[in-house]
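K.L.:
Residues per chain, in single letters:
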Amino acid sequence: KNEVEQSPQNLTAQEGEFITINCSYSVGISALHWLQQHPGGGIVSLFMLSSGKKKHGRLIATINIQEKHSSLHITASHPRDSAVYICAVKPGAQKLVFGQGTRLTINP
Amino acid sequence: DTEVTQTPKHLVMGMTNKKSLKCEQHMGHRAMYWYKQKAKKPPELMFVYSYEKLSINESVPSRFSPECPNSSLLNLHLHALQPEDSALYLCASSQEAVFYEQYFGPGTRLTVT
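So the sequences go chain by chain: A and Y. Quick note: the first sequence, position 73, residue 77 per the numbering used here, numbers continuous. Quick note: the second sequence, position 90, residue 98 per the numbering used here, numbers continuous.
No wet-lab data here; the hints were simulated from the structure. A hint or two may mislead.
[Claimed, not checked] With a straight-line cut-off of 35 angstroms between C-alpha atoms, the simulated DSBU-like cross-links for lysine-lysine are:
(1) A:57 - Y:48
(2) Y:61 - A:72
(3) A:99 - Y:26
(4) Y:27 - Y:61
(5) Y:49 - A:58
(6) Y:48 - A:72
(7) Y:27 - A:99
(8) A:99 - A:57
(9) A:57 - Y:44
(10) Y:27 - Y:17
(11) A:59 - Y:49
(12) Y:30 - A:58
(13) A:72 - A:58
(14) A:72 - Y:44
(15) A:99 - Y:30
(16) A:57 - Y:46
(17) Y:49 - A:99
(18) Y:17 - A:99
[Unchecked claim] Listed below are several chain Y residues computed to face chain A (Cβ distance under 7 angstroms; list not exhaustive):
(19) 50
(20) 53
(21) 109
(22) 112
(23) 113
(24) 114
(25) 115
All C-beta atoms in this analysis are idealised placements derived from N, C-alpha and C, irrespective of residue type, glycine included.
Could you put the whole structure together from the sequences, leaning on the hints where they help?
P.N.:
Spelled out as structure tokens, the structure:
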């Protein structure tokens with residue numbers, strides 16, 4: 005079993021829909037990252053969380069440390085949000101452990 | 009400036025060639041990283057430099073040789089690569105301690121023929 009599990013693996017939605025991507029992890033962590041990767045390209049760091057909730061534009065990330073679970077929400081989704089979203093956790097001072105990613109496609 | 013730059017964007021090399029990948033950041037970050045990413049897989053950590061010293065080598069074959077000439081620049085020297093080394097190579101940096109919030113570059117897509 006992977007230390008970081010994301011669901012769903014693939015998600016297709018229509019423009020304007022509310023999107024939720026989930027991340028569960030099995031280890032104690034000091035921080036959790038949500039990353040975005042567009043096809044063919046580099047990675048953008050969206051959020052780094054250690055507790056509670058963060059919001060940036062249409063993106064919201066939450067984390068529940070007790071339940072070892074985080075969610076990434078996208079409101080009013082747009083085709084430009086189509087990308088792979090990766091959850092990565094930081095167990096203490098150790099290296100990042102990545103989830104397998106969620107491939108999101110938003111159709112016009 | 010919150011950008012990590014990488015050159016070249018694409019590289020095709022033969023198994024006997026020697027080439028280098030370059031990564032640069034001007035955010036004053038003191039930790040820099042090399043990752044390898046195969047298609048539809050998450051990134052895999054290769055090397056970490058902290059204050060210009062190699063602090064982590066994830067048992068990477070010696071045909072990959074990292075170098076950190078100064079705090080802004082990170083190189084990855086490639087020699088005698090194999091076709092299975094074809095991948096996206098990502099550079100990242102973080103502010104201070106290892107593995108704080110990382111800023112990633114756009115990557116170099118490497119093809120070994």
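K.L.:
None of the hints should be skipped; say for each whether it holds.
P.N.:
To see whether the hints hold, each was checked on the structure:
1. A:57 - Y:48: Measuring from Cα to Cα gives roughly 28 angstroms; hence the hint holds.
2. Y:61 - A:72: Holds. Residue 61 of chain Y to residue 72 of chain A sits at ~34 angstroms (cutoff 35 angstroms).
3. A:99 - Y:26: The hint holds at about 29 angstroms.
4. Y:27 - Y:61: Holds, at roughly 22 angstroms.
5. Y:49 - A:58: Given that 35 angstroms is the threshold and the Cα spacing comes to 27 angstroms, the pair holds.
6. Y:48 - A:72: holds, 25 angstroms
7. Y:27 - A:99: holds, 27 angstroms
8. A:99 - A:57: holds, 23 angstroms
9. A:57 - Y:44: Since the Cα atoms of residue 57 of chain A and residue 44 of chain Y sit roughly 30 angstroms apart, the hinted pair holds (cutoff 35 angstroms).
10. Y:27 - Y:17: holds, 13 angstroms
11. A:59 - Y:49: holds, 27 angstroms
12. Y:30 - A:58: Status holds; Cα separation ~33 angstroms.
13. A:72 - A:58: Holds, at about 17 angstroms.
14. A:72 - Y:44: Roughly 27 angstroms separates the two Cα atoms, so the pair holds.
15. A:99 - Y:30: Holds. Residue 99 of chain A to residue 30 of chain Y sits at ~22 angstroms (cutoff 35 angstroms).
16. A:57 - Y:46: Distance ~32 angstroms between residue 57 of chain A and residue 46 of chain Y Cα, so the pair holds.
17. Y:49 - A:99: OK: residue 49 of chain Y and residue 99 of chain A at ~17 angstroms, within 35 angstroms.
18. Y:17 - A:99: The given pair, whose Cα atoms are some 26 angstroms apart, holds under the 35 angstroms limit.
19. 50: holds, 3 angstroms
20. 53: holds, 5 angstroms
21. 109: Since the shortest Cβ distance to chain A is 4 angstroms, the answer is holds.
22. 112: holds, 4 angstroms
23. 113: This interface hint holds because 6 angstroms falls under the 7 angstroms limit.
24. 114: holds, 4 angstroms
25. 115: holds, 5 angstroms
In the structure shown, no violation is registered for any of the earlier numbered hints.
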